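J.: Just so you know, the sequences run in chain order A and B. Letter by letter, the first sequence follows residues 1 to 482 of our numbering. Letter by letter, the second sequence follows residues 1 to 482 of our numbering.
No wet-lab data here; the hints were simulated from the structure. All values derive from a computational prediction rather than experimental measurement. There may be inaccurate statements among the hints.
A pair holds if it fits inside one copy or across any two, identical chains being indistinguishable in the list.
Derived PhoX-like pairs: lysine-lysine, alpha-carbon spacing no greater than 20 Å straight-line [to be verified]:
1) Lys233 <-> Lys309
2) Lys125 <-> Lys333
3) Lys130 <-> Lys322
4) Lys248 <-> Lys393
5) Lys53 <-> Lys322
6) Lys53 <-> Lys315
7) Lys351 <-> Lys4
2 protein chains.
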Amino acid sequence: MKQKKENFSEWYTEICSETGANLADVRYGVQGAIVEMPWAVRIMRKFEEMLEKEVEADDHEPFLFPTLVPEANINKEKEHVKGFSPELFWVTEAGGSKLAEKYYLRPTGESQIYPMFGLWIRSHKDLPYKRYQSRMTVFRFEPTTRPYLRGREFNFFECHDVFKDHKSALKQVERDMVYSKKVMYDQLGIPFLFLQRPQWDKFAGAENTFGAESFTPDGRVNTIASTHDLGQKFAKTYGIKFRDEMEKEEFGWQTCYGPGLVRIMAGLIAVHGDDRGLVLPFSVAPVQIIIVPITFEKGKKKVFAECQKIEAELKEAGYRVKFDETDNSPGWKFNQWEMLGVPIRLEIGPKEVDEKKVTVARRDTREKEMISVNDLKKKIEFLSVDILKTLKKKADAYFDNHIFEARTLAEVRDILMKNPGIIKAPWCSINIDGENCSDILRKETVGGKVRGVLFNKQEKVSGKCIICGKKANHLVYIAKSH
Amino acid sequence: MKQKKENFSEWYTEICSETGANLADVRYGVQGAIVEMPWAVRIMRKFEEMLEKEVEADDHEPFLFPTLVPEANINKEKEHVKGFSPELFWVTEAGGSKLAEKYYLRPTGESQIYPMFGLWIRSHKDLPYKRYQSRMTVFRFEPTTRPYLRGREFNFFECHDVFKDHKSALKQVERDMVYSKKVMYDQLGIPFLFLQRPQWDKFAGAENTFGAESFTPDGRVNTIASTHDLGQKFAKTYGIKFRDEMEKEEFGWQTCYGPGLVRIMAGLIAVHGDDRGLVLPFSVAPVQIIIVPITFEKGKKKVFAECQKIEAELKEAGYRVKFDETDNSPGWKFNQWEMLGVPIRLEIGPKEVDEKKVTVARRDTREKEMISVNDLKKKIEFLSVDILKTLKKKADAYFDNHIFEARTLAEVRDILMKNPGIIKAPWCSINIDGENCSDILRKETVGGKVRGVLFNKQEKVSGKCIICGKKANHLVYIAKSH
């Protein structure tokens, strides 16, 4: 297959396709709408469930809204409309005739959910009001598309919360970051920076936007989650009011959080994958342990019996294990299961059976060793933790090695050209008055964008803005993005 | 609240609404598209997961198709088009302009999935090819709508299988029935008949259709699953071919199975619910055990401590348990949790604490007894099984009591008027030549329909068709339906 280092883009396309790990079929006939294949569905369900667990543990209740939204909903929030209108899909006909009121397909939940919040929330006793929806898709008419990176229909997950004051809402932003850290980094090993976006690059209608910025080897950032401090703007538009302790009517303070399910999938592929295919953390692998028999004419029965015995034992112990008893050659099987990223492979041949041993191969390092069958469970227990640790270490090193510092526009340009990554540079302002510098940066670097400043951490900065030369007030992170 | 027996329809509407168990909010603004509220989402996820487990255990792999389908797909299968065209929603605009090719929103998966099967299936080695999709919605422009009974957008679950011959396909129809039995009857306690539909009432494009017919107290059948023997018709339309052992190219034989997620929800509400609200089987209850403290000024602390201790113990034991420590009165709490159908309520007051006892109330029978705390776990273990058993017994009796026999049209009419239910009657033919009699039946009974004959079981029949008077060849089941 294609080399990841040489040509990330082609490598990525291949690994998604049927000649790779067969994750997404793009031949379906609607641009930007993929068929998610079984292996991908199983992986995505796993981390979707991790996220569900995380937000539910923090008191979010699930609801599920329809895909269709009445036209009237979008016209209420002017800024939000401006942001999403060009991307909307419109349902104009049904039942054989034109609809009296058109529907759009939700591009994200705000405009469908908040009018209902207006009906549901009455009192300060209802707050904090925390809800989420998952196991659904959203629709955006994007000009260019790519599996899991940019789609016209894609899997979505969103939390929508209402608080009694701004302080509580801002605390939720921090909690959202913790969900992302606990799932995407702690369990999946995808490193990211949590950045506060500049004012000119916010979610349509938000006061402030925060993004979890991961990184792909083509030198672009991959936003795997975002959180928005919505202030009271939507609450005022959609009438989300509560009576406080003094029976005074107040507007709610809102946040919304969206871990990017498809972007996490892209991150898993891009961050851990190698030239032999996917490399999956133990926690999300649909098959965690694959057993490959090494058989000859003689002794096949004995080997199969041993494989079945071990399969049963590991299944009993709660692992997702599979015994590959197809007619394919061991070499073909090795390649196939390596392509799919299965973390542990057990090889069992006559030698192993005779010596009461088993050969254990790990996907991440491709190390192989023969151990006693008696030590197998302990070994797997160790590997289930160690594989993630090793993946993290490698991913962290790669991520850290691709964060550069620059003091001038020329340096930024130079790094983006030769050694693409994320660049820290001094900047005048992340308020709207810094937008002009940002426009210049984008033109001069063909797409380099100010992604923001570190959240909740004032980094020391000296010198001058790399564009306008005025006093620098921020150390911003600059990168190209997906 | 409304009385179930007196007016099922109003009772059903109320139990779904915010003054009832708050399952579905119909105020969203799109007719037939409900907001599924947290309690309903949690219940539905539970049986969705049961179904996933069941079909996966029988080798179905999950995939997920987009919601949008290109217009070209629907024009291929003439019969299927005729069936679904009037119900389609059409996306005609996106990104600010008219689309060159329109998309429709899937009404069911066949027309989107089968062209891809044509690409994926190559050889007899690929067969049987068994896939399913769940955690998605479908869209049908229905004239009238009702939460969980008839919607314009609703949750869907579908299996699509391809076999090498008709015999294997027909075996799958039997397996589909087993999935339904194992989930909907064994675990949820919803009784049903598995019927083969007459030829004039098949799924558009199918050779034969089979339905799992449950029953609601307004005397209508509620189809909670259907299975279709598709023969080779779709395979020929969409080019689903395989090379057999002799390298000869053959068309696949197909089946599809759809447990009706929303109809199962309707069944759970309608079959088990009573005048105090929902009654949930233990397996799907989002909260299985609710702990209500009975407190007075004095001793409140002691009671709360005991409640928390028991909550922790039961959580540890794997139960979904909740301690209601809100300020509401015990009576209010009893009503609230009964409305939500929580199977077991524990009441703990100073008396219980002093005597090391706990009062256990079961939702299904509303029986209450005080037992020793030491016996609590054993009691709950017993109830988790016994509640389902009791619900089933009651539901079975009700179902059986509403299956009548008739020998004449007058009798059918009489039963449908006075004592609505399912009626067994002699019938001329379930082939297309029986359709004329069916039209007459429908007019004469204002909506009574031949739902079919028992699947895989030839019932003895004598006498004459209740309509045309010709020799009866079948004992058919007649009912009004949702």
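J.: State whether the alpha carbon distance between Lys248 and Lys393 is at most 20 Å within one copy, between copies, both, or neither.
T.: neither (53 Å within a copy, 53 Å between copies)
J.: Check Lys53 against Lys322 for me: Cα-Cα at most 20 Å, and say if that holds within a copy, between copies, both or neither.
T.: between (27 Å within a copy, 17 Å between copies)
J.: Evaluate Lys125 and Lys333 at a C-alpha cut-off of 20 Å and name the case that applies: within, between, both or neither.
T.: For Lys125 and Lys333, only the inter-copy Cα distance (17 Å) is at most 20 Å; the intra-copy one is 59 Å.
J.: Give the relationship of Lys130 and Lys322 under a CA distance limit of 20 Å: within one copy only, between copies only, both, or neither.
T.: between (40 Å within a copy, 18 Å between copies)
J.: Go through the copies and call it for Lys351 and Lys4: within, between, both or neither, with a Cα cutoff of 20 Å.
T.: neither (36 Å within a copy, 70 Å between copies)
J.: Between the shortest in-copy and the shortest cross-copy C-alpha distance, which are at most 20 Å for Lys53 and Lys315: within, between, both, or neither?
T.: For Lys53 and Lys315, only the inter-copy Cα distance (16 Å) is at most 20 Å; the intra-copy one is 24 Å.
J.: Can you tell me if Lys233 and Lys309 fall within 20 Å by alpha carbon in one copy, between copies, both or neither?
T.: neither (62 Å within a copy, 44 Å between copies)
Of the numbered hints stated above, those contradicted by the structure are hints 1, 4 and 7, listed in ascending order.
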